[in-house]
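J.: Take a look at the letters that make up each chain.
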Amino acid sequence: MGMIPVSRIHGALEKYKKGDIKIATVCSHSALQIFAGAHDEGFKTVGICARDRVDTYKAFGYAQPSEFVVVDSIKDILKPSMQDELVSKNVILVPHGSFVEYLGAKNIEDKLYVPMIGNRAVLDWESDRKKEREWLSEKSKVSMPRVFSSPDDIDCLCIVKFDGAKGGSGYFKVASPKEYYDEVKKRGITDGNTTIQEYLVGVRYYMHYFYSPFSDKGYPCKRGSLELTGIDRRDESNIDELHRLGMSGAEMAKAGVDASYTVTGNTGCVLRESLLPEVFEIGKRVVDASCDLFSPGMIGPFCLETVVTPELEIKVFEASARIVAGTNIYADGSPYSYLSYGKPVSCGRRIALEVKDAVAKGRLCDIVG
Amino acid sequence: MGMIPVSRIHGALEKYKKGDIKIATVCSHSALQIFAGAHDEGFKTVGICARDRVDTYKAFGYAQPSEFVVVDSIKDILKPSMQDELVSKNVILVPHGSFVEYLGAKNIEDKLYVPMIGNRAVLDWESDRKKEREWLSEKSKVSMPRVFSSPDDIDCLCIVKFDGAKGGSGYFKVASPKEYYDEVKKRGITDGNTTIQEYLVGVRYYMHYFYSPFSDKGYPCKRGSLELTGIDRRDESNIDELHRLGMSGAEMAKAGVDASYTVTGNTGCVLRESLLPEVFEIGKRVVDASCDLFSPGMIGPFCLETVVTPELEIKVFEASARIVAGTNIYADGSPYSYLSYGKPVSCGRRIALEVKDAVAKGRLCDIVG
Amino acid sequence: MGMIPVSRIHGALEKYKKGDIKIATVCSHSALQIFAGAHDEGFKTVGICARDRVDTYKAFGYAQPSEFVVVDSIKDILKPSMQDELVSKNVILVPHGSFVEYLGAKNIEDKLYVPMIGNRAVLDWESDRKKEREWLSEKSKVSMPRVFSSPDDIDCLCIVKFDGAKGGSGYFKVASPKEYYDEVKKRGITDGNTTIQEYLVGVRYYMHYFYSPFSDKGYPCKRGSLELTGIDRRDESNIDELHRLGMSGAEMAKAGVDASYTVTGNTGCVLRESLLPEVFEIGKRVVDASCDLFSPGMIGPFCLETVVTPELEIKVFEASARIVAGTNIYADGSPYSYLSYGKPVSCGRRIALEVKDAVAKGRLCDIVG
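Protein chains in written order, with our numbering: chain A, 1 to 369; chain B, 1 to 369; chain X, 1 to 369.
Check the hints yourself; a few may be wrong.
Any copy will do: because identical chains look the same in the list, a pair fits if it lies in one copy or spans two.
[Stated by the list, open to error] Straight-line C-alpha distance at most 20 Å; calculated EDC-like pairs for lysine to aspartate or glutamate: (1) K18 with D366; (2) K254 with D84; (3) K75 with E281; (4) K185 with D153; (5) K173 with D258; (6) K58 with D216.
Think of the hints as simulated: they come from the structure by calculation, not from any bench.
Given the structure is predicted, the values throughout are model-derived calculations rather than measurements.
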C-alpha cells in the first residue's frame with residue numbers, strides 16, 4: 001500500500017458543497033482554538049472526540065463543536081465508513097500534534113483520504129532527524145545546534161543523547177572529549193549509540209508562522225507569503241521550578257529529585273522587534289526549501305523552535321509542520337496577529353480565514369492535500 | 001451571637017429593585033476588574049474605599065466605580081448604618097481575598113447582612129486546615145501533598161512547617177527521618193510542633209473556576225455546571241529571581257540573602273489541552289462535595305492552587321473559595337473565557353453575567369448568601 | 001550650535017493641516033505598535049525604514065505604515081531636505097529607544113526640527129547618571145538602589161561596575177569591603193574606576209506610564225494626570241534560562257558558559273493591586289519633579305524600571321522617558337488599559353489618542369517639542 005494519491009483527495013474536495021464546508025479535528029491539543037477560530041469565520045465544526053472527553057469539549061460554549069463524532073478510539077476515523085461519513089459532511093480536517101500521534105504518520109499518508117489542511121509529504125521530512133536536518137540546515141541555511149560525529153571534536157557544552165534514555169531524563173552534558181569518555185564509561189553506554197549535540201544556552205522561543213501559497217499580505221516567499229501569528233515560551237515540569245528548591249545537584253540527588261522536561265503549558269511573549277527581519281528571513285527560507293523538496297511545500301501553520309543566544313543569534317532546534325499547542329495562549333488573539341488584522345485572530349481563526357479565502361478564490365486544492 | 005441567618009439576607013434581597021442592582025466591593029485585590037466587569041454588563045458599581053486609595057481607583061476611567069463610599073477603616077462597613085446604606089442602594093457585595101482579610105471571616109459570618117455573592121458557610125471550611133483537607137482530600141478525592149504524622153515515615157522530599165516561622169522563611173526541607181531529627185535538634189524546635197508535608201516538585205498552576213448552580217453551559221456537576229475562566233502563574237519575590245544571582249545556598253547565606261515567597265504579581269498561561277478533562281473532573285468533585293458538606297455549596301468563582309508534576313498529575317495544595325488576584329491578568333479577557341464566550345470576559349464580568357442571569361431567572365437567592 | 005528652539009518647532013506645527021496629521025517613527029523597536037495604534041485612531045502613518053527592513057514592515061497588514069520613507073541610514077532623516085519633506089507631510093514623530101540610539105541624543109536636540117512627541121529636554125536628564133539620580137532620588141524621593149562612594153561602607157550585597165566591562169558581563173558581586181578589595185586586586189582593576197551599587201534582590205517589573213498634561217482622567221499630578229497602561233517583565237538571554245543547566249558556577253566556568261543579560265523579549269504581567277497606590281505615587285512624583293526641573297516635564301509615555309522586594313517595597317533602578325519595547329506585549333491591549341478604556345488600547349494607541357485630543361483642544365504644543 002502506498003501514499004494516498006493527492007488526486008483522489010482533490011477529487012473528493014471538488015464534490016464538496018462549497019457553501020457548507022465544515023472544519024473538523026480530533027478533540028485534543030489545540031482543538032478548542034481551532035473550533036473557536038472556525039466559528040469566528042462562520043464555519044460549522046465537527047469534533048472527533050473520545051467518549052470520555054465529550055463533557056470537556058461541551059464545557060466551552062463558544063468553542064464547542066457544532067457536532068460531535070464520538071469514537072472509542074481515535075484510530076476509528078481511519079475506517080472507510082467513518083471517512084466516508086466525514087467526506088459526506090464536507091469536512092476539512094485540521095491536523096495537530098496529537099492528531100498525528102494518535103493516528104500515526106504512516107496511517108495518515110497511506111489510509112486517510114479525508115481532505116486535510118496542509119501537505120502530507122511534510123510528515124516524512126519532519127519525523128526523520130536526518131531529513132529534517134537536510135531540509136532545515138542544508139537547504140534552508142538555518143542555524144542549528146552543531147552535531148559532533150566524533151567525540152574527539154567536542155569543543156563546547158554538549159548534550160549527549162542515547163537510545164534507551166526515557167524522555168530525556170538520562171541525557172547528560174559534557175564539555176570536552178575527556179568528559180564524554182568518562183561519562184560513557186561510567187554509565188556503561190556503548191560508544192556509537194550516542195548523539196552528541198551542541199547545547200544551546202539562551203532563551204527558547206517558539207515562533208508561530210502561517211504560510212499561505214496565495215496571500216500576498218505577509219512576508220514575500222518564492223510563492224505566496226508568510227505571517228507571524230505569535231510567539232510562545234513553554235513551561236516544563238519540573239525543570240522550570242526546580243531552581244526554587246535552592247538545592248545543588250548533589251543535594252537534589254540525595255533528596256531523590258531528578259530534573260525532567262515534560263511540557264505542561266505555555267506563556268505568551270514578544271521578541272525584540274529588531275529580530276523580526278531575521279525571524280521572517282528564516283521562516284521564508286524554510287518555506288522556500290520545502291517547496292523545492294516536497295512541492296507544494298509546507299502549507300498553513302508551522303512552528304520553528306528556537307533558542308535566542310546572548311549574541312541575538314536565532315538557532316533552530318526543531319520544526320513542527322502544523323499548528324502547535326503554544327498557539328493556545330492566543331486563543332483570544334495575539335499581539336502579532338493584532339498587528340496583521342487589527343482584531344483578535346488566533347491561529348485557529350487564521351486557518352479558517354485561509355479556507356474561506358481559498359473557497360472564494362477557487363483554490364482549495366492549493367491548501368488541502 | 002451566631003451566624004446571620006440566610007433568610008434575613010434573602011429577605012433584604014427580595015426588596016431590592018431588580019432593575020437597579022449595584023455591584024460593590026472593597027477597593028483592593030481584584031476590585032478594578034470586578035467594577036470593569038460589572039460595567040461591561042451594564043451594572044452601576046459602588047467602591048468601598050479607604051480615603052488614601054480614592055485617587056488610585058479614580059485613575060482608571062472605565063473601571064472607576066460609579067460611586068464611592070469612602071471609609072477610614074474597611075471594618076466601618078460592618079456598622080449597621082453603613083450596611084443599611086448599602087442595602088438601600090440595592091448593593092450586592094463581591095467578596096475577595098482582601099475583603100475577607102480586612103473584615104475577618106467571623107465578622108462576615110456573624111455581622112455582615114448585606115447580600116454577598118457566594119455561600120458564607122465556605123469560610124469555615126477553607127480557613128481550617130483540617131476541614132479543608134476533609135473537604136478536598138477525603139470527600140472530593142483530590143490528590144493533595146501527603147502529610148506525615150510521624151517523622152519516621154518520611155520517604156520523600158518534605159517541607160517542615162512550624163509555629164513561629166514568619167511567612168515561610170524559617171521552613172526547612174528534609175528527605176529522611178534522620179535529616180528531620182538533625183534539623184529539629186539544630187534549630188531547637190520542640191518536636192510535635194511541626195507539620196511535615198510532601199514537597200511537590202513541578203510547575204504551579206492556579207486554576208480559575210466559575211461554578212453556577214443554574215447554568216448548563218459548562219462542565220456538568222451534580223447540580224449546575226462549571227466553567228474554566230483562566231489559569232495563572234504567580235511571581236514571588238525574591239524566589240523567582242533568586243537563581244539569577246548564580247549563587248549557591250552557602251554563598252547566599254554569606255551575602256545575607258534569604259529566600260522569600262511574597263506574591264508580587266501574576267502572569268498568564270494555558271495548560272496542555274489534554275489535561276483539561278482532569279482539571280474539570282477535579283473541579284467538579286470539589287464542587288459536588290461542597291454541595292454535600294455545606295449546601296448550596298461553593299457558589300461562583302473559586303481557585304484550586306495546584307502543582308502539575310512531570311508525570312502530568314495535578315496535585316492540589318490549596319483552595320480559595322472566591323475570586324483570586326491571579327484573575328487580574330485577564331481583566332481584558334482570557335484565552336479560556338474566549339473559548340466560552342467568543343468575546344473578552346474577565347472573572348469580574350462572569351460574576352456580573354451571573355447576577356444578570358439570576359435576576360432574569362428570578363434566582364438571585366441561589367447565588368447570594 | 002545649540003538646541004533647536006522649541007518656538008521653531010511650534011512654529012512649524014502651527015502651519016500643519018490639523019485634519020491631515022500623520023504619525024511617523026523609525027521602523028524598529030515598537031514601531032509596529034505605534035503604527036497600529038495610530039491606525040486605530042484613524043491617523044495615516046509614515047514609516048522611516050532602512051531598505052532591508054521594508055519587507056518586514058509590510059508583513060503586518062494592519063500595522064503596515066500608510067507610506068514608507070526608505071533610507072540607507074536612519075541618520076539620513078537629520079538632513080534638512082528629508083526633515084522638510086516630513087514637515088510638509090504634517091508629520092509628528094514618535095521617538096522610541098532605537099530612534100534615540102540611531103540618531104543620537106545630541107543630534108535630536110541640536111538638529112531635529114520635525115515636531116516630536118515629548119520634551120527633548122528630558123534627553124539630558126536620563127542620559128547622565130548623576131542628573132538622573134538627582135531627578136529620581138533627590139527631587140522625586142523615589143527609592144533607588146544605594147550607591148557606595150567608599151568600598152569601606154559596603155554592608156549588603158553589591159554589584160560592582162567598572163569601565164571596560166562589556167554589556168555587564170564582567171561586573172561582579174561582593175558583600176563586604178574585604179570581598180571588594182580581593183576582587184579588585186584579583187582582576188587588576190584600578191580602584192576608583194568602579195561604581196558600587198546595592199544589588200536589589202526581588203522581582204523586576206517595568207511600569208508603563210502615560211502622562212498627559214491636560215487629561216484629568218488618570219491619577220492627579222501637579223498639572224494633568226497619569227495613567228498606567230501596562231507592566232511587563234523582561235527575558236534576558238542567557239540568564240533567564242541558565243538555571244535550567246543545573247550547574248554550579250564552577251561547573252559553568254569549566255564548561256565555558258558565562259552569565260549574560262541581553263534583553264531578548266518581554267512577557268506580560270499584573271502587579272498585586274494593593275501596590276498600585278504606590279505605583280501611581282512614585283510615577284506622580286517623578287512627573288512633578290520633571291515639571292520643576294525641565295518644564296513642561298516628561299510628556300507622554302515613560303517607564304520606571306523597578307524591583308519589588310519581598311517586603312513589597314518598590315525600588316526604581318532606571319527611567320526611560322519614552323515608549324519602551326515592553327509595551328509591545330500589549331499591542332492588542334493590556335489588562336490595565338482595559339480598566340481605563342474598556343477596549344484594547346496599546347501604548348501606541350494611547351499616544352494617538354493624545355494627539356487626537358490635543359488637536360481637538362488646540363493644545364498640540366503642550367505635547368510636542
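J.: None of the hints should be skipped; say for each whether it holds.
T.: To see whether the hints hold, each was checked on the structure:
{"no.": "1", "hint": "K18 with D366", "in the structure": "within (15 Å within a copy, 47 Å between copies)"}
{"no.": "2", "hint": "K254 with D84", "in the structure": "neither (58 Å within a copy, 61 Å between copies)"}
{"no.": "3", "hint": "K75 with E281", "in the structure": "neither (38 Å within a copy, 25 Å between copies)"}
{"no.": "4", "hint": "K185 with D153", "in the structure": "within (18 Å within a copy, 37 Å between copies)"}
{"no.": "5", "hint": "K173 with D258", "in the structure": "both (15 Å within a copy, 16 Å between copies)"}
{"no.": "6", "hint": "K58 with D216", "in the structure": "between (37 Å within a copy, 10 Å between copies)"}
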